[in-house]
Amino acid sequence: MPLLELKGVNKSFGGLKAVSQVSFDLNGGEILGIIGPNGAGKTTLFNVITGFLKTDSGEVWFNGENIVGLKPHQVCQKGMVRTFQLVKPFVELTVLENVAVAALNRAKTIKEAREKAIRTIDLVGLKEKTNTLSSGLTLGHRKRLELARTLATEPKLLLLDEVMAGLTPTEVDELIRLLKEVNHRGVTILLIEHVMRGLMALSKRVVVLNYGQKIAEGVPGEVVKDRQVIEAYLGEEFAGAQG
Amino acid sequence: MKIIYSFLSILLLILLLLPNFVSDYILGIFVLIFFYAYMGQSWNVLTGYAGPISLGHSLYLGIGAYISTKLAMSLGVTPWIGMWVGGIGAALVGLAIGFLGFRFGLKGVYFVLLTIAFGEIGRLTVLHLKPLGHMMGLFVDFKPGLGNFHFRGNLPYYYIALGFVVFSLIVVRALEVSKWGRYFVALREDEDAAESLGVNVFKYKMIAIGISSFMTALGGTFYANYIFYLHPTSVMSMWVSIEIIMRPIIGGIGTLFGPLIGSLLLTPLSEIARSYFTKAGLEGIHIVIYGLLLIAAVLFFPGGIFAYIKKILKPILGESKEI
Chain A
1 MPLLELKGVN KSFGGLKAVS QVSFDLNGGE ILGIIGPNGA GKTTLFNVIT GFLKTDSGEV
61 WFNGENIVGL KPHQVCQKGM VRTFQLVKPF VELTVLENVA VAALNRAKTI KEAREKAIRT
121 IDLVGLKEKT NTLSSGLTLG HRKRLELART LATEPKLLLL DEVMAGLTPT EVDELIRLLK
181 EVNHRGVTIL LIEHVMRGLM ALSKRVVVLN YGQKIAEGVP GEVVKDRQVI EAYLGEEFAG
241 AQG
Chain B
1 MKIIYSFLSI LLLILLLLPN FVSDYILGIF VLIFFYAYMG QSWNVLTGYA GPISLGHSLY
61 LGIGAYISTK LAMSLGVTPW IGMWVGGIGA ALVGLAIGFL GFRFGLKGVY FVLLTIAFGE
121 IGRLTVLHLK PLGHMMGLFV DFKPGLGNFH FRGNLPYYYI ALGFVVFSLI VVRALEVSKW
181 GRYFVALRED EDAAESLGVN VFKYKMIAIG ISSFMTALGG TFYANYIFYL HPTSVMSMWV
241 SIEIIMRPII GGIGTLFGPL IGSLLLTPLS EIARSYFTKA GLEGIHIVIY GLLLIAAVLF
301 FPGGIFAYIK KILKPILGES KEI
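Residue numbers (the numbering used here), protein chains in the order written: chain A, 1 to 243; chain B, 1 to 323.
The hints are simulated quantities; they were obtained by calculation from the structure and are not laboratory data. Values in this document were obtained by computation on a predicted structure and should not be read as measured data. Heads up, a few of these hints could be off.
[Claimed, not checked] The calculated lysine-lysine pairs, modelled on DSS-like cross-linking and capped at a C-alpha distance of 25 Å, are:
1. A:Lys78 <-> A:Lys7
2. A:Lys71 <-> B:Lys203
3. A:Lys78 <-> B:Lys179
4. B:Lys314 <-> A:Lys127
[To be verified] Example chain B residues on the side facing chain A (calculated, C-beta under 7 Å, incomplete):
5. Arg182
6. Glu189
7. Asp190
8. Ala193
9. Ser196
10. Leu197
11. Val199
[What the hints assert, rightly or not] If we take Cβ atoms under 7 Å as the criterion, some of the chain A residues that face chain B in the derived model are:
12. His73
13. Lys88
14. Val101
15. Asn105
16. Thr153
The beta carbon of each residue, even a glycine, is placed where N, CA and C say it ideally should be.
From just these sequences and the hints, can you work out the full model?
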């Protein structure tokens, strides 16, 4: 049984079909990438999966349960948590306080949450920033904080929305290592990513969206040669010249 | 934290002994200092910690004041019991307003407008209800005695008001170190992020407005039995709401001691300015001074005086060890 299963998911805004008949499976332990040009509906899809938006039709099955209609906090309690493309730290709180809030999702006491937060902060490599206000962090550190918060909720499935955007190449490498480690610990990952190096290094399989529809699915190396995918990114003429 | 606790114990001891050394007039000013510190703290629970901005807390003050007073005057229920009934009444109204606002995702100025609207509805309702004294207001019969919550002189009120402040500090401190308090702050900072991390934003906003309106109404009972006269304009107007929020804003929104520090500064100033300028035939000037002070506070102490004090004391107290 897949950990996450989308069956014909639709979401429209007025006349615009942001997500149209999207289906795919994600198995436990896997890392699946979602790519597509800007406006392809990737973030909308994330919003639908995590309950920030309700599907118009279609089903989202998580861990053997149809989760359509659940609120994001319920989805989180079930073990699925997302990051935001534009990071949303609690700016007036320290890194420790930020992560401890997330840890309270499972921790019974404040003390337990705090201890878990410290371990998670250590894992993502923000130890020396533990007591820094998150407003004082660089973007790279903020992205790590965002990741630490999600991890502290003890997810089964992690949805990452462009966590590598805006990072330096070194930071990207570190993040790849970190995500591999997280995955190795048993967390399944679904990621939207424009940084191809990161995507290639992590995912064995990608789903390509364009205009809200799934146009391809497969091994990254092959998908990028797909005619439709090249068309979506570079235009019809380019695809014609290639093919 | 140990240093802070010992400092607070000493401060409390001084305040407990203070009535032996000052006049009844000064005690009266302290009663108001404590009263506004308490009201500010009650408002602080909702707006300072959890985030939704309320400009209608006069409504809860009024509900508390009128319910306990009517219970006392018509049914002879002691205000000591009536205050809890008033608290529950205000909490129910607060929850209803919260439900409307939070269920439909009203944020920022739109929620502010909602609170103002309900505050005004409350004021106008009381203004037109005969049993509540409508235009004339409600005079509370003065029957001195502990059971009636009526006293001669300021001394008993001083200790009761001090008790209110201590109670509010304990409640808010307990919140700060609890899951609820941590969640309040998280949703104040970013609702979407909090929601995605497993925080039931709607539920915790409801808890916050419930606690806040309940506490505010308890203060309303105190007010009714201190002033002995309730009139919608003096108890339930928007100006009252503004008075309530002024202290925590100047002292530090979302901080434990902000409302008390703000009140220690603002209340005596307002009282002294009021009596001084009124004597000099310049009524209303104290409001101008108020405004100037507010501007100065915003300019020089963004985030409140308490944040500033904390920054100065940081080398002495060290990093805070709370999460």
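Hints versus structure:
1. A:Lys78 <-> A:Lys7: 19 Å, holds
2. A:Lys71 <-> B:Lys203: It holds: about 12 Å lies between the C-alpha atoms, which stays within 25 Å.
3. A:Lys78 <-> B:Lys179: At roughly 19 Å apart (the allowed maximum being 25 Å), lysine 179 of chain B and lysine 78 of chain A satisfy the hint.
4. B:Lys314 <-> A:Lys127: 21 Å, holds
5. Arg182: 5 Å, holds
6. Glu189: 4 Å, holds
7. Asp190: With Cβ-Cβ at 5 Å, under 7 Å, it holds.
8. Ala193: Where the cut-off is 7 Å and the nearest Cβ of chain A is about 4 Å from alanine 193 of chain B, the hint holds.
9. Ser196: 5 Å, holds
10. Leu197: Holds, because the Cβ-Cβ distance from leucine 197 of chain B to chain A comes to roughly 4 Å (cut-off 7 Å).
11. Val199: This interface hint holds because 6 Å falls under the 7 Å limit.
12. His73: Holds. Min distance 5 Å.
13. Lys88: 4 Å, holds
14. Val101: 4 Å, holds
15. Asn105: 4 Å, holds
16. Thr153: 6 Å, holds
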